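The listed protein sequences derive, respectively, from chains F and C.
Just so you know, the first sequence maps onto residues 1 to 516 in the UniProt record's numbering.
Just so you know, the second sequence maps onto residues 1 to 516 in the UniProt record's numbering.
Hints in this document: simulated from the structure, not taken from any laboratory.
There may be inaccurate statements among the hints.
The list cannot tell twin chains apart, which means a pair is met if one copy fits it or any two copies do.
[As the list claims (entries may be wrong)] Straight-line C-alpha distance at most 20 Å; calculated DMTMM-like pairs for lysine to aspartate or glutamate:
no.	residue 1	residue 2
1	Lys-482	Glu-148
2	Lys-310	Asp-163
3	Lys-396	Glu-210
4	Lys-310	Glu-473
5	Lys-482	Asp-443
6	Lys-376	Asp-9
All of these numbers come straight from a predicted model, not from anything done at the bench.
Number of protein chains: 2
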Amino acid sequence: MSDTHHSYDQVRLHSFGDMLREQARSRPQHIALVEQDTRYTYAQLHHRINRLTHSLQQRGVTSGSRLLWLGQNSHRVLELLGAAARLGAIVCPANWRMTAAETVRTLNDFDPSIVFWQESEVGDIAREARTAARPGNAAWIQHDGSGEHSYEALISAGADEDDEARVNPDLPLLAIYTAAFDGAPMAALLSHTTLMLQGLMNTQSQLIAETSSYLVSGPMFHVGVMMGTLATILAGGRCVFVSRPDAQTLLQVIAAERVTHAFLVQPTVEQMRRLNQESRYDISSLFATPDMSDWRMPMVMPAGAPLVAKLGGYGQTEIGGLSVLLWLGGSGAGRPAPFIQVKILDEDGNETAPDTPGEIAVRGALVMNGYLGQAKENARRTRDGWHRTNDLGLRKADGSIVFVGPKTTMIKSGLENIYPAEVESCLRSHPAVADVCVIGVPDPTWSQNVKAVVVARPGAEVNADALIEHCRERIASYKKPKMVTFVDALPRNSAGGIDRAGVDAAHGGGNYPRVA
Amino acid sequence: MSDTHHSYDQVRLHSFGDMLREQARSRPQHIALVEQDTRYTYAQLHHRINRLTHSLQQRGVTSGSRLLWLGQNSHRVLELLGAAARLGAIVCPANWRMTAAETVRTLNDFDPSIVFWQESEVGDIAREARTAARPGNAAWIQHDGSGEHSYEALISAGADEDDEARVNPDLPLLAIYTAAFDGAPMAALLSHTTLMLQGLMNTQSQLIAETSSYLVSGPMFHVGVMMGTLATILAGGRCVFVSRPDAQTLLQVIAAERVTHAFLVQPTVEQMRRLNQESRYDISSLFATPDMSDWRMPMVMPAGAPLVAKLGGYGQTEIGGLSVLLWLGGSGAGRPAPFIQVKILDEDGNETAPDTPGEIAVRGALVMNGYLGQAKENARRTRDGWHRTNDLGLRKADGSIVFVGPKTTMIKSGLENIYPAEVESCLRSHPAVADVCVIGVPDPTWSQNVKAVVVARPGAEVNADALIEHCRERIASYKKPKMVTFVDALPRNSAGGIDRAGVDAAHGGGNYPRVA
Chain F
1 MSDTHHSYDQ VRLHSFGDML REQARSRPQH IALVEQDTRY TYAQLHHRIN
51 RLTHSLQQRG VTSGSRLLWL GQNSHRVLEL LGAAARLGAI VCPANWRMTA
101 AETVRTLNDF DPSIVFWQES EVGDIAREAR TAARPGNAAW IQHDGSGEHS
151 YEALISAGAD EDDEARVNPD LPLLAIYTAA FDGAPMAALL SHTTLMLQGL
201 MNTQSQLIAE TSSYLVSGPM FHVGVMMGTL ATILAGGRCV FVSRPDAQTL
251 LQVIAAERVT HAFLVQPTVE QMRRLNQESR YDISSLFATP DMSDWRMPMV
301 MPAGAPLVAK LGGYGQTEIG GLSVLLWLGG SGAGRPAPFI QVKILDEDGN
351 ETAPDTPGEI AVRGALVMNG YLGQAKENAR RTRDGWHRTN DLGLRKADGS
401 IVFVGPKTTM IKSGLENIYP AEVESCLRSH PAVADVCVIG VPDPTWSQNV
451 KAVVVARPGA EVNADALIEH CRERIASYKK PKMVTFVDAL PRNSAGGIDR
501 AGVDAAHGGG NYPRVA
Chain C
1 MSDTHHSYDQ VRLHSFGDML REQARSRPQH IALVEQDTRY TYAQLHHRIN
51 RLTHSLQQRG VTSGSRLLWL GQNSHRVLEL LGAAARLGAI VCPANWRMTA
101 AETVRTLNDF DPSIVFWQES EVGDIAREAR TAARPGNAAW IQHDGSGEHS
151 YEALISAGAD EDDEARVNPD LPLLAIYTAA FDGAPMAALL SHTTLMLQGL
201 MNTQSQLIAE TSSYLVSGPM FHVGVMMGTL ATILAGGRCV FVSRPDAQTL
251 LQVIAAERVT HAFLVQPTVE QMRRLNQESR YDISSLFATP DMSDWRMPMV
301 MPAGAPLVAK LGGYGQTEIG GLSVLLWLGG SGAGRPAPFI QVKILDEDGN
351 ETAPDTPGEI AVRGALVMNG YLGQAKENAR RTRDGWHRTN DLGLRKADGS
401 IVFVGPKTTM IKSGLENIYP AEVESCLRSH PAVADVCVIG VPDPTWSQNV
451 KAVVVARPGA EVNADALIEH CRERIASYKK PKMVTFVDAL PRNSAGGIDR
501 AGVDAAHGGG NYPRVA
């Protein structure tokens with residue numbers, strides 16, 4: 001049969017770069033990217049990617065090279081994805097709220113060929129991290145500057161040509177840091193195919209079309225925001241970027257760009273509501289009711305979208321975001337999206353009986369290519385031939401999936417996942433801390449707040465403020481404890497581990513993430 | 001990077017068999033297949049596929065093996081696809097209206113390991129073809145019989161186990177004969193991924209969900225019918241099979257199964273309308289208006305479906321069916337579906353200027369794996385690294401595609417493509433025919449009828465009826481000329497070929513397929 005298939009093998013490849021090429025042909029005059037006064041059509045985007053690709057290539061970027069984005073939301077992240085896609089390279093939009101120490105760790109782990117950094121808001125951290133990171137060969141390009149080392153200089157320097165080189169769409173294209181269960185986050189790698197499949201399914205579930213205008217207001221280092229963004233590009237719609245979700249700016253932009261889709265958290269929406277009480281901004285393109293009472297957190301979309309009727313599901317970055325969906329039917333968190341299989345497995349890799357919790361395991365084209373450079377962890381997590389999610393779930397008799405909770409405790413504050421292990425690891429590095437358990441306590445606005453229950457070393461002088469400041473200097477501010485309680489000892493379970501349920505019960509822990 | 005990806009490579013595979021496995025877990029009690037008194041849930045379908053897979057394996061079916069279906073529509077075609085998917089084998093639902101001679105040609109070309117044949121309506125042709133075909137090692141299994149060589153015996157004999165073997169979804173799974181431009185049809189091979197991607201897009205464009213009930217009334221050897229069927233399975237809905245579209249049966253089945261989607265041609269709908277004038281059957285699940293005035297040919301679906309608002313597009317079997325879609329925007333036939341690229345190419349493989357016709361060329365994951373056993377044709381058709389469709393089109397300034405017409409003349413009668421070359425080849429085999437040109441003449445019901453313009457050999461005794469009968473015996477009845485005209489000579493163009501436009505003008509040809 002090889003004679004039959006051979007000549008068509010290359011024809012069938014379809015990479016993220018190919019998708020953008022077709023948009024430039026199919027929708028040349030449609031606006032693709034908007035950011036303040038910048039507006040690029042799909043044809044203009046194509047030419048910018050042509051130039052960027054050649055400049056990156058000249059700087060040695062090739063298949064498997066890694067590009068780190070140390071900045072806030074920008075249309076340039078999309079352009080970098082387009083250029084990286086053509087070269088088989090990988091782009092990581094880093095969390096711009098990281099401390100210098102976390103940024104150093106990210107630089108050392110990701111080992112990028114080029115760092116694209118931002119002066120505004122992030123400049124000091126970037127400079128500090130650059131000095132402290134392991135010496136590498138990374139070039140540093142300032143994306144919001146001008147002059148010879150700027151991003152726009154890179155674009156100007158490149159040739160405006162497209163050689164249409166074929167790239168295997170099963171290669172990784174996007175890296176997102178997540179899953180700091182063991183103290184440090186790892187980079188989950190998502191392939192071209194995963195991003196486009198998940199994008200396609202988002203066009204369906206969120207009703208995203210070429211007439212849509214998507215507000216990239218949530219952070220692009222979050223898989224949910226990134227998937228909404230990519231779905232919009234896949235549909236030939238318009239992405240409107242704001243560097244961060246400032247309520248006043250959002251109102252202006254929604255009115256000006258007739259935004260139809262957005263990613264907004266509750267506190268921001270409350271602010272917007274207050275600011276727009278006199279209806280100064282016409283935001284009817286996004287909110288059908290003037291009091292925004294039709295808003296459902298965190299994804300805003302047209303009323304007819306399947307996700308609006310039944311919002312919810314289960315997902316994680318490692319399976320391309322929300323991949324078990326309530327709108328696909330059943331009770332609980334719903335049913336798996338096309339292109340994946342789900343099993344609930346016990347420790348031996350056997351399926352559990354109905355209604356019996358086990359680890360959620362996933363197989364299929366939405367699963368990541370693995371964590372970057374974590375061969376051992378990747379082997380461990382795929383030991384049954386399935387991706388072990390580290391999340392607990394069960395299957396009901398009707399076949400639908402219920403998300404029970406993270407296998408390892410996780411705290412949810414706003415949209416952020418906070419891993420107690422990471423905060424505890426930071427606190428343990430303080431000389432006065434002998435033992436510690438970090439829990440989440442319920443909060444009406446943020447779901448949970450971080451609380452540290454600490455056993456101090458005998459004779460050590462320490463107080464809550466000192467420990468909070470210790471964390472603030474070392475990990476992203478949202479991860480630091482808001483409260484610290486000192487105890488003589490922590491309850492332990494029979495295996496010798498900390499009895500987290502006991503700590504929760506004694507110190508007000510609760511409201512841990514369950515069904516989304 | 002290989003260490004990173006290695007352990008996840010196998011995890012990411014998702015074959016058609018994997019999709020069915022997940023349906024059995026996710027929707028065990030949902031009805032999957034209905035045919036007369038037979039009803040199977042997704043769980044039952046899974047067990048039948050388990051058994052069938054083992055039986056096929058025992059008979060030597062393996063990766064690349066070919067299974068030929070010589071019968072009408074049946075739920076068993078779906079089961080065969082499920083079993084073949086697990087083994088990497090290929091299923092071809094043949095056109096059951098073929099003559100014995102055409103069936104022989106199909107048997108010789110497809111070279112199947114097993115032929116599944118049907119006694120009802122097709123038995124005589126099948127027996128005749130079996131005797132005349134090149135001796136092969138094919139086993140012949142009667143699907144509508146009982147006893148030791150029947151299909152159901154094969155199911156009973158197999159072990160009810162699933163070893164969950166991994167199959168590369170880029171392998172071909174479905175073969176559909178088409179494109180008889182040079183006189184004989186070729187088998188276009190479609191991969192697991194193509195079928196599932198196209199299925200997913202059909203769930204979106206036709207609003208097919210787990211609550212849908214799809215009437216498999218059009219022939220399953222047509223890509224459009226097959227894609228609607230597979231979309232329904234992908235969504236976890238119900239497929240209702242009828243062996244052929246008999247109006248009375250259709251009315252009964254639509255009422256009984258609350259059918260929501262169907263594939264119906266105009267003459268059938270007219271018959272149904274007449275038969276149901278007194279509203280004996282409640283067919284409101286499919287037709288919102290009692291007089292069926294909301295019907296649009298040939299796909300019937302809910303009013304809210306994107307395809308209803310803007311029905312039309314461009315496609316061919318070789319690109320997985322309708323893949324340029326009007327509902328995706330633009331004028332003409334619309335814009336390409338996600339996962340393909342389209343270019344309009346001149347003879348040298350360069351893109352033509354806007355509004356300038358050229359050959360439509362397609363690249364991406366919806367393109368076939370090639371024609372079975374046609375290495376030379378496959379190489380010729382992919383010479384630029386693009387699949388050359390043999391169809392002419394152009395791109396408008398807004399980026400949308402217009403289908404201009406087949407590069408080689410084609411006649412459309414009802415849903416069937418009729419290739420003049422095939423009919424002419426048949427007529428030339430008659431001793432009295434010196435030269436011939438087959439054209440399509442407009443028909444209000446069937447779009448076109450086949451007309452042969454014949455130059456008889458000097459001194460030969462022949463009339464129209466004899467030539468029509470000659471064709472009826474050799475090619476499918478719908479391909480035979482309905483009219484024969486005798487002329488002294490055919491007009492020729494400067495290259496020495498027949499001037500088809502001249503023949504059309506002189507003999508009433510017209511209404512050739514253009515924009516769908």
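These are the hints, each one checked on the structure:
no. : hint                 : verdict
1   : Lys-482 with Glu-148 : neither (44 Å within a copy, 75 Å between copies)
2   : Lys-310 with Asp-163 : neither (44 Å within a copy, 35 Å between copies)
3   : Lys-396 with Glu-210 : between (38 Å within a copy, 17 Å between copies)
4   : Lys-310 with Glu-473 : neither (41 Å within a copy, 57 Å between copies)
5   : Lys-482 with Asp-443 : within (11 Å within a copy, 79 Å between copies)
6   : Lys-376 with Asp-9   : between (33 Å within a copy, 15 Å between copies)
This entry does not satisfy hints 1, 2, 4, going by the numbered hints stated previously.
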